[in-house]
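K.L.:
Sequence:
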Amino acid sequence: VECGKILTVDNFIERLGSPYCKEDYHRLFSPKCCVCTEPIKDKAINALGKMWHTYCFKCTACACPLEEKNFYEKNGMPYCEKDYMNLFHPKCTGCGLPIAEGRQITAMGKPWHPECFVCTICVKPLQPETFKEHAGKPYCEDDYHKLFSPKCGGCQQPITDKDEKVMVRGKPWHPGCNAAINEPVITVTPAVEPLLQKATRPKVETDIGRKSYPIDDLDSLLPLLDDFVKKSYPDCSGCKTPITDGNKITAMGKPWHPQCFTCDKCVRPL
1 VECGKILTVD NFIERLGSPY CKEDYHRLFS PKCCVCTEPI KDKAINALGK
51 MWHTYCFKCT ACACPLEEKN FYEKNGMPYC EKDYMNLFHP KCTGCGLPIA
101 EGRQITAMGK PWHPECFVCT ICVKPLQPET FKEHAGKPYC EDDYHKLFSP
151 KCGGCQQPIT DKDEKVMVRG KPWHPGCNAA INEPVITVTP AVEPLLQKAT
201 RPKVETDIGR KSYPIDDLDS LLPLLDDFVK KSYPDCSGCK TPITDGNKIT
251 AMGKPWHPQC FTCDKCVRPL
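Residues 1 to 270 in the UniProt record's numbering are what the sequence shown spells out, letter by letter.
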């Protein structure tokens with residue numbers, strides 16, 4: 001009834017009591033593919049509120065064929081799993097690969113796979129609530145204190161931020177390790193620690209020559225500590241804090257703490 005072509009009994013399609021050749025029937029009544037706009041004569045895919053030829057339903061990024069119930073949608077367009085993850089999921093700070101839904105942890109303001117958030121030195125798995133950070137890298141407590149905490153002038157073991165300490169001969173000591181030294185000391189209690197940090201820059205212990213000061217002289221000591229550090233000690237090119245313990249190395253014409261002079265890629269000491 002549309003083109004006037006002569007039909008046979010096995011070569012027409014009926015609609016509302018009228019016969020049509022197959023070409024005219026599909027042109028007039030079959031759904032159109034949203035991609036190529038051609039009639040869909042055989043199997044159609046209904047996805048994203050649109051009709052598609054099976055061969056036109058492809059990943060928007062890589063053009064690989066997709067199945068009706070096995071694709072991902074973004075802004076009304078279909079994607080395969082790989083491209084959807086690469087394009088729209090956050091990348092792990094550790095391995096650089098996409099993080100699947102529900103597997104992300106956040107530490108230091110960055111996304112990580114749980115298995116990739118490990119200590120920079122020993123590769124021990126870390127928890128976002130209990131790790132230590134230095135120069136933008138995560139550490140377990142043991143390695144952090146071995147590398148960055150001040151060493152006791154007596155036993156040479158790290159003095160952690162949880163330990164009580166005293167200042168003797170300008171250096172930090174564990175209480176008890178200085179028992180054989182008959183000198184006045186500054187007892188660094190939780191109340192005193194913020195004052196020392198404020199005067200001498202955060203987390204920097206200072207050597208003030210061979211002198212020690214009783215706690216009553218703290219107010220007059222703070223300006224002296226700050227001035228002494230600025231005049232006497234170079235800043236480390238890595239952590240930007242003064243090198244106060246005499247343990248300095250020089251590389252590329254700059255001063256460094258030994259623990260701060262590390263490979264930029266693997267963070268191993270150099």
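It cannot be assumed that every hint is accurate.
[As the list claims (entries may be wrong)] Listed below are the simulated PhoX-like cross-link pairs for lysine-lysine, each with C-alpha atoms no more than 20 Å apart in a straight line:
hint : residue 1 : residue 2
1    : K162      : K146
2    : K43       : K69
3    : K132      : K146
4    : K151      : K240
5    : K32       : K22
6    : K110      : K265
7    : K132      : K162
8    : K91       : K110
9    : K41       : K22
10   : K124      : K151
11   : K43       : K146
12   : K265      : K91
13   : K32       : K43
14   : K50       : K32
15   : K69       : K91
16   : K50       : K22
17   : K5        : K32
18   : K58       : K32
19   : K146      : K5
20   : K137      : K124
21   : K69       : K82
22   : K22       : K58
23   : K110      : K146
24   : K91       : K137
25   : K43       : K22
26   : K74       : K43
27   : K74       : K91
28   : K137      : K240
29   : K58       : K43
30   : K151      : K110
31   : K74       : K58
32   : K124      : K5
33   : K43       : K82
34   : K151      : K132
[What the hints assert, rightly or not] Now the in silico label distances, taken between C-beta atoms and shown as ranges:
hint : residue 1 : residue 2 : range
35   : C36       : A61       : 32 to 38 Å
36   : L97       : K5        : 56 to 62 Å
37   : T130      : A63       : 34 to 40 Å
In short, the hints are calculated from the structure, not lab data. For every residue, glycine included, the Cβ atom is placed at its ideal position computed from N, Cα and C.
K.L.:
For every hint, state whether the structure bears it out.
P.N.:
Now the hints, each set against the structure:
no.: 1; hint: K162 with K146; result: holds (14 Å)
no.: 2; hint: K43 with K69; result: holds (15 Å)
no.: 3; hint: K132 with K146; result: holds (12 Å)
no.: 4; hint: K151 with K240; result: holds (19 Å)
no.: 5; hint: K32 with K22; result: holds (15 Å)
no.: 6; hint: K110 with K265; result: holds (18 Å)
no.: 7; hint: K132 with K162; result: holds (13 Å)
no.: 8; hint: K91 with K110; result: holds (9 Å)
no.: 9; hint: K41 with K22; result: holds (9 Å)
no.: 10; hint: K124 with K151; result: violated (23 Å)
no.: 11; hint: K43 with K146; result: violated (67 Å)
no.: 12; hint: K265 with K91; result: holds (18 Å)
no.: 13; hint: K32 with K43; result: holds (12 Å)
no.: 14; hint: K50 with K32; result: holds (9 Å)
no.: 15; hint: K69 with K91; result: violated (26 Å)
no.: 16; hint: K50 with K22; result: violated (23 Å)
no.: 17; hint: K5 with K32; result: violated (23 Å)
no.: 18; hint: K58 with K32; result: holds (16 Å)
no.: 19; hint: K146 with K5; result: violated (91 Å)
no.: 20; hint: K137 with K124; result: holds (13 Å)
no.: 21; hint: K69 with K82; result: holds (16 Å)
no.: 22; hint: K22 with K58; result: violated (27 Å)
no.: 23; hint: K110 with K146; result: violated (25 Å)
no.: 24; hint: K91 with K137; result: holds (17 Å)
no.: 25; hint: K43 with K22; result: holds (15 Å)
no.: 26; hint: K74 with K43; result: violated (25 Å)
no.: 27; hint: K74 with K91; result: holds (18 Å)
no.: 28; hint: K137 with K240; result: holds (15 Å)
no.: 29; hint: K58 with K43; result: holds (15 Å)
no.: 30; hint: K151 with K110; result: violated (31 Å)
no.: 31; hint: K74 with K58; result: holds (13 Å)
no.: 32; hint: K124 with K5; result: violated (78 Å)
no.: 33; hint: K43 with K82; result: violated (26 Å)
no.: 34; hint: K151 with K132; result: holds (17 Å)
no.: 35; hint: C36 with A61: 32 to 38 Å; result: violated (19 Å)
no.: 36; hint: L97 with K5: 56 to 62 Å; result: holds (58 Å)
no.: 37; hint: T130 with A63: 34 to 40 Å; result: violated (46 Å)
Hint violations for this structure: numbers 10, 11, 15, 16, 17, 19, 22, 23, 26, 30, 32, 33, 35 and 37, all remaining hints satisfied.
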